[in-house]
Structure formats: structure tokens, C-alpha cells
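> Below, each chain spelled out in residue letters.
There are 2 protein chains.
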Amino acid sequence: MIEADYVTTDPDLLEAYRHDRASFVTAGRPVALARPKETAEVVRILRYAHERRIPVVPQGARSGMSGGATAVEGAILLSLERMDRILAVDEVNHTATAQPGVINSVLSAAAAEKGLYYPPDPGSWEISTIGGNVATNAGGLCCVKYGVTSDFVRELEVVLADGRILRTGRRTAKGVAGYDLVHLFTGSEGTLGVVTEVTVALRPAAEKPLTAVAFFAAPAVACEVVSEYLSSGWRPSVLELMDKACVDAVSAYRDLGFPEDVGAVLIAQSDRGPAAADDLDAFAKIARDHGAMDVFVATDHAEAELLIEARRLVGIALEKLGDRLTDDVCVPRSRLAELVEGVAAIGREHGVQVPCCGHAGDGNMHPVVIFDAADPDSVRRGQAAFDAIMALGLRLGGTITGEHGVGTLKQPWLETELGEVGLSVHQAVKQAFDPRGILNPGKVIRRTPS
Amino acid sequence: MIEADYVTTDPDLLEAYRHDRASFVTAGRPVALARPKETAEVVRILRYAHERRIPVVPQGARSGMSGGATAVEGAILLSLERMDRILAVDEVNHTATAQPGVINSVLSAAAAEKGLYYPPDPGSWEISTIGGNVATNAGGLCCVKYGVTSDFVRELEVVLADGRILRTGRRTAKGVAGYDLVHLFTGSEGTLGVVTEVTVALRPAAEKPLTAVAFFAAPAVACEVVSEYLSSGWRPSVLELMDKACVDAVSAYRDLGFPEDVGAVLIAQSDRGPAAADDLDAFAKIARDHGAMDVFVATDHAEAELLIEARRLVGIALEKLGDRLTDDVCVPRSRLAELVEGVAAIGREHGVQVPCCGHAGDGNMHPVVIFDAADPDSVRRGQAAFDAIMALGLRLGGTITGEHGVGTLKQPWLETELGEVGLSVHQAVKQAFDPRGILNPGKVIRRTPS
Ligand SMILES: Cc1cc2nc3c(=O)[nH]c(=O)nc-3n(C[C@H](O)[C@H](O)[C@H](O)COP(=O)(O)OP(=O)(O)OC[C@H]3O[C@@H](n4cnc5c(N)ncnc54)[C@H](O)[C@@H]3O)c2cc1C
Ligand SMILES: Cc1cc2nc3c(=O)[nH]c(=O)nc-3n(C[C@H](O)[C@H](O)[C@H](O)COP(=O)(O)OP(=O)(O)OC[C@H]3O[C@@H](n4cnc5c(N)ncnc54)[C@H](O)[C@@H]3O)c2cc1C
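The listed protein sequences derive, respectively, from chains A and B.
Per the UniProt record's numbering, residue 1 is the first one in the first sequence, and the count goes up by one each step.
Per the UniProt record's numbering, residue 1 is the first one in the second sequence, and the count goes up by one each step.
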């Protein structure tokens, strides 16, 4: 193995870095863990691995939900967590440049200090890295208005499979010189190159949002409200849905004073300053027209924070229910009600609980399959439900993953979504960037036999 | 040649379709012109060409400014202009689906009819096709607020070099299943595949804009106003600059009642409804603080249209000055003043006129080199000035093309911008999609010898 202070073969450390947060994914045994501080060190690792055809698994904070950062057999784990310097926040051109290991919330805070705003806010924003966010094209709550990570990435430094350094993209607002490799790397889950520097666009600080919550008897009605509200042209900055099981779990975890017998909750925000009240009035009206049990507009920032907190608590609250497999399907918003009802039916059919919440405004839901990892039958039923949900998403004109990525968890399903021609084009792209197949092998797509 | 009613070898027609709008670009002699109406016909042409290694040059409306649609020797010209049907405008999910030959303004009108808005508005919007817009990733006036074509493309049908049909992307608001090929095709100028269907995102209709104009003694001051206005967090929907030569040319073409001795004009719009007045007040204040000669806010829509018309007339007005080579560099907005002053200096140095206007809010300027095509010395000086402007753009941290694309005109310069690693990655991508090199050969990049 490479002799360097940033490379270790300590078995405890290797074990600690073996997994990300995906369930149902088996990890291989890594041969080393590298934690470089500089691009030159990344280059050295990749040259070494490339020469010897050793697999390399890039890792950010390993908060990924699909096994993208999970070890493969015989791999060098390449953690970027120590490349954690913010290199610049440019107040005039509204950009920030950072090493990949910078935590999303740290970058956001640095922007905020200069009156600027970095919108992409995955639920993991306090733990996940900007490099991981780029590699997965992370979404979040604000995406319904501001877009996802790829809408903000302007320039990347990437170390290629063979150790060459590529700079791609640009710092200007526009540019069409050559192919758009920035978007190609964004969301490629460490299979095309290792991101070692990121320049993102920032926005002027947004106004403090107004927040409203609406309670419904059933989630399908909430979905219709989402669809009608957005098609009428309103642009909320957040529009989140929680079904009954999520509400109950959160209420059990922390009493939020939500009414009983709630079938679904919608949380809406608008950050349009003085016009935000109009946005939420319209939301309230449409909700009431659809028979909402109650609609409530937060009158101050603390109340608003509490409502958003309710949504952010779902993950932790569901931990009490058992082992969890978080799905992530995205459908056109006109099909949202069918998705949510279909998920409930799948849960009944397979005899598993599937609480469902998510970024309803984007049509991006996270059905969480609850199972018991110690009970093989429960695992089997959980897996079957998980698969059925992806099939449903595709049937509704959607995608198997709105933001969590493919990793190993959804690799077989990706082939269904891409189809034969799509798969072969993906393989050709992978081959062009990584002819020896050392970058995160087995993730996203199978390689072509070469 | 293929026997089909959509293929012709008529010499007059071949001649008529040989060029786009680029200057300084020599066209080869095509062997046929194909004008298919359906994807299946495109497939047939590409299969035929692929088997025989015949070059294929995709064409939209040939309004391109960089030779991307210009014939290469021995090529089949593949015009998509007859694939001009709008397939759907989805009022709930806010998308439109069209064949590639639909004219931008026709698509925009179809969206507007349903209360929706397709923002990308290149100056050529009344003549250029949506397929050409995708293939060049076209920008326009509204991009400073709404983004460029690639920010709106969701799903593409593409016929690959060998005739296989690829569907890529999705109709959902979000999705990370596999590599982002949609952005890779967008802006690839017909070198990676032929776009045969496009689904774009639409927005709710925008409010009618308010418009303001500010007059300055010199363009550098106007550029400082642009930079300060935008860094202060204002979000105009249009922010355009015209220098003295452009203003004079337009005034000679049509009297707009602009004051005399104007050194530069900024035109700003805001479409934030009631809040637009605030946006333009802030613009006026910053302009005055920088010593603007005058600032004027249009009081009605007709006045506003007149001001925007002034900007749109630049192209036609400059035709009176001689032959023109329109450059298109984009720099970070903090460097805009240096760009504009540098362009003026280059004009003086080479003894050519270089009127300059453009999308100042994006840092994207169009210096127009005026020359006399009949005078070899003038041509030589014009070319030298054109090159010097691109070198200046790169020196200021910018790009050689903000929106017009590389084509053949800027192909050598692209190599400078990309650098050695960037070029070789581009060649690997080209090789992956078009191993026989039949798609628009010689455009954008040189191929690797294979
Ligand atoms: C509580 C919780 C909430 C979450 N909420 C959201 C959410 O709202 N939206 C969302 O999109 N995701 C969410 N996620 C998933 C996850 O946090 C995101 O995918 C995140 O972007 C991963 O970042 P990371 O630094 O942890 O990367 P990792 O998990 O370490 O890696 C993710 C993938 O990126 C690759 N990678 C990492 N760094 C690099 C690099 N520098 N170069 C190349 N490849 C690299 C890895 O190989 C892997 O394939 C959530 C996860 C948790 C645990
Ligand atoms: C007056 C005027 C103003 C302009 N203003 C702007 C502006 O503001 N912003 C801007 O960005 N551009 C502008 N342009 C340039 C030009 O109009 C744009 O580049 C436009 O997008 C080209 O569209 P087109 O249909 O004419 O394509 P063409 O010129 O025919 O082709 C352009 C490129 O795309 C390829 N192509 C075309 N159709 C397809 C397809 N279906 N599949 C694959 N490849 C294809 C061609 O091979 C070529 O490389 C302007 C041009 C003029 C004449």
C-alpha cells in the first residue's frame, strides 16, 4: 500500500468507514483507507490504484442512502472529509469555492455571513459534504423553488481515474464552450471521477419565510392540493407532506400539539417577503376548498421553525418503529395522489408499514419501509414492498430516485428505467472516463465487459 | 443516396442550405439535403450515413453564429425544420413537448395561451428552432433572471450516430437515476446525436415588466452599475448594455429620442409585479450615484416595448456599417468594465470598429467586429481583433462563448480554453457517442485519430 501519513490499513478504521446509511446493501472488505488533504494526494492515490487496477470508493460523510459510499471488496476507501477548507466566498460574483469535504451547513453559514444564500438543503445538511452533495446531486426542502445541487454547480476540479486533473465548467454566469461535463459529473456518484474542488453559485439572502400547515383526513387530498396549488402558478419555497404514520411517529417523539386523527399534513413556506402572505392565503384557500380539517399560519419565526422541525424529525422518529429502508421515488406532480395511495396499498399487500413523507412540491416522496432485520420473512416482505414502490413510480411516469441516487441499492432497477439503449450509452460513458473500471465499481451501472 | 421524398440532391436547394449566419467560415459541398418529418426517417438517414461513414450536419433554422450548421464536404444536411409539431403543453405539470423544428416563438406562444411561460428568448426567437436552441444551449435577454435553455430541458429523444433511439431525462421535477445526459446533449451542437423531441419545463406566466433606461457618458461606468446592482442582490429580468456605437447605429436606423453624446445605455426590466418599482428605483439610484446622465422609467407598456426594441434593433442597425463578425464572450460580472474597455482598446489597436452590446447582467457581451469582406487587409485586421477579444475574455477569467457556441469558428480557441486534459476528455466523450465521427465532424472539437 502507499506509504503516506494519510493512508491507513488499521482494521478498526477500515470497519468504521465500510458503510454508508443504506440498508439491504452488503459491503466488501476494503484494503486501505486514504484521507488526503490536498488534490496532489488524491492524484497519487488514483495513479497508484489505476496502475494496479485497485478499486477506489470515494466517500464524503457516508450519509448516502443507496450504498454509493459503501466499500467494495479489495477497495481503497478514499475519504475526502479532510479536504474541508472553504477557499473563497465571492461577494461580487456570488460564488463560493470549497474543497469537497466542507459540510453543507458550514458552506451555507459562510455564505450567510456575507449576506448570501446557498439553497440546496438536504435533510443531512448538517452532516453531509458538498462533494457528496455534488456526487449525488442532492436535493432538499428548498428545491421546489430554488432547484437542486446541479442547478448551482458552476466549476469543478476532478481527479480522473488515471490521476489526471481536470478543471471543467466556469465561474461566469453563462458559457457554452464545449460539452457540459459539470452536469455529467454531478450525480455520477463517484463513478466518473473524484471531485476535489467545487465552485457553486450563491443567491442573495432570501427573506425569512412565512410558514403554514394544513391538516387533512387523507393524504390523497393533500396531494391534490399540492398539484392544484402549484399548477395555479404559486411558488412556495417549501411544500412538504407527511402522512398519518409520520405524524403519529413524530407526535410520539415530541408533542407538537397537532390535532388527533390527522390523515396527512402539508407544510408550506414562502419567502417572498411582503408577498408571502398572499402565497400562504392562496395555499390556505385551496386547502380549505379541498376540505382541509384545519389550516394554521405561523405568526412568528419560532412557531414556523417548530413546524419545519416536525418535518425534519420524521427520520429520527421513525427509528422507533424498526429497521428502515428509505425509498425515494419522484413522479410528475399530477400523479402524486396515485403514488401515495399506491404506496399504502403496497404496504397492505405485503404486510409491512410504509410511512410516507417527502418533498411533495417536487413529486418526490420518501416511502419508508419498516421491517425487522432479524426476521428473514420480514426482510423479504420489506424488500418486495420496496421493489413494488419503484415499479409503481416508473408506471406513473416517474423515476426510481428523485435525489438519493442509485448506488448499489437500485442498480438493477436503473437498468429497467434506462432501457437497453440508455444502459449501453451509460456504459460507453463510463468506459470513456474509467476504462479500467476502478472508480466505485458495481455502483450505478454494471460495466460492459471490455 | 437514400430514395425518399424527404431527401433531395437538387443543387439549388443544397446551395440554399449550405450556410448558417457565421462569418469567416468556409462551407463544404453537401451531397444531399434530408428534411424528415418523423423520428423514423431520421433513424433511416443516420443508419445509412453510419454504414457508409458519410458526414451528417444537423440543421435547425441555420440562424447559428458560429458555423455549427454549415455544410462540411460530402455531408448529408439533415434539416429538422419539418419536424415542427408541438406535441403537448401540460398545464398541470408545466411542461411542453415538441418536435425539434418548432420555432421558439411558436412554442412560447403555445405556452402563453395556457397561461404559461417559456423564458429562454434568444434574439433569434422568431426564427430559431427549439432543437437548435437545445443544441446550442441558447441564451437570451431573460436569462439573467431565468437561466438559459439547459435550465429548462427535462427530457430528450435523441437519434444516436448509429441510428439507435435514446430517450433520456425525465418529466419529473427532479431525478438522479443515472448520468445527466440531457445536459450533455444540450449545447453539444449536433456532434453527439440528433435531437428529435424535446420536453421543456415551463413557468407560470410572468407579470408584465416595468422598464427603465439609464444613459452614461462611458460604458465602463455602466458596467460598474451592473456589477453593483446585481451584487446588492437585485434580480432584474433583463439587464442589457449598448455602447455608443450601438446607440448611434440604432438612432440612425430609427429615431428613439435618445439624448445626444450618450456613451452607453443600460436597459433594465423587472417583472416582480408590484415590487418591480422597487427594483427599478434601486437601479435608478445606483445609476445616478455613478453619475448617470439621465435615468428614465417607462410609464406604460408601449414605452417599455420601445426601449427593448432599441436593444433588439442593434443587429439590423449594425448591418449598415459593413460586414460583421459577432463575438460572444462572457466574463464574471466583476470584470465586465475591463472587458468593455479592453474591447475598445483592441478596436483602436487593429484599426477596426467594434460596437459592443449584450447581456450585461450575465457578463455576456457581443462585440461586433466591423470589416470589409472585399478588402483582404480589413479582413485580416478584423480577424485579429476577433481573436484578441477571445484572448481578453479568457484572461479575465471568462469563456470564449457565452451562448453562440463553438461551431467551426471557435474550434481552435476551444482547445485553449479547455486545456490538454479537457480536450482529451472531450475527445473521449465524442468517441463514446460517435465512434465513426460522422456527426458534424470538425465542429466543436477535432476528433482523436482512432
Ligand atoms: C438524515 C438524512 C437525511 C437525508 N436527506 C436528504 C435529502 O433531503 N436530500 C438528498 O438528496 N439526500 C438526503 N440524504 C442522503 C445523503 O445525505 C446525500 O446523498 C448526501 O449528498 C451525501 O453526502 P455525503 O457527503 O454523505 O456523501 P457519501 O454518502 O459519502 O457519498 C455519496 C456518493 O457520492 C460519492 N462521493 C462522495 N464524495 C465524493 C467526491 N468528493 N467525489 C466523487 N464522489 C464522491 C460516493 O462515492 C457515493 O457514491 C439524507 C441522508 C440522511 C442520513
Ligand atoms: C439575429 C440573431 C440573434 C441571435 N441572438 C441570440 C441570442 O440572443 N442568444 C443565443 O444564444 N443565440 C442567438 N443567436 C444565435 C442562434 O440563433 C442560436 O444559436 C439558435 O439557438 C440556433 O438555432 P437554429 O434553429 O437556427 O439552429 P442552427 O443554426 O441550424 O444550428 C445550430 C447548431 O445546432 C445543431 N442543431 C440544430 N438542430 C439540431 C437538432 N435537432 N439536433 C442536433 N443538433 C442540432 C447544428 O448542427 C448546429 O451545430 C442569434 C442569431 C441571430 C441570427
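Everything labelled a hint here was simulated from the structure, so no lab data went into it.
Check before you lean on any hint, since a few could be wrong.
Said to hold, decoys possible - DSS-like cross-link-like pairs, simulated, lysine-lysine; straight-line CA separation at most 25 angstroms: (1) B:Lys244 x B:Lys208; (2) B:Lys145 x B:Lys114; (3) B:Lys145 x A:Lys114; (4) A:Lys285 x A:Lys145; (5) A:Lys145 x B:Lys145; (6) B:Lys145 x B:Lys37; (7) A:Lys208 x B:Lys320; (8) B:Lys208 x A:Lys145; (9) A:Lys208 x A:Lys114; (10) A:Lys285 x A:Lys320; (11) B:Lys145 x B:Lys208; (12) B:Lys208 x B:Lys285; (13) A:Lys285 x B:Lys114; (14) B:Lys320 x B:Lys145; (15) A:Lys37 x A:Lys145; (16) A:Lys244 x A:Lys208; (17) A:Lys320 x A:Lys208; (18) A:Lys145 x B:Lys114; (19) A:Lys114 x B:Lys285; (20) B:Lys114 x B:Lys244; (21) A:Lys208 x A:Lys145.
What the hints assert, rightly or not - Computed Cβ-Cβ distance ranges for the label pairs, DEER-style: (22) A:Glu15 x B:Arg53: 16 to 26 angstroms; (23) A:Ala205 x B:Glu207: 29 to 39 angstroms; (24) B:Met1 x A:Arg53: 46 to 56 angstroms.
Source: prediction; values computed, not measured.
Virtual Cβ for every residue (Gly too), placed ideally from N, Cα, C.
> Hint by hint, where does the structure go against what was stated? Just the numbers, ascending.
Violated: hints 1, 6, 7, 10, 14, 15, 16, 17, 20, 22, 23.
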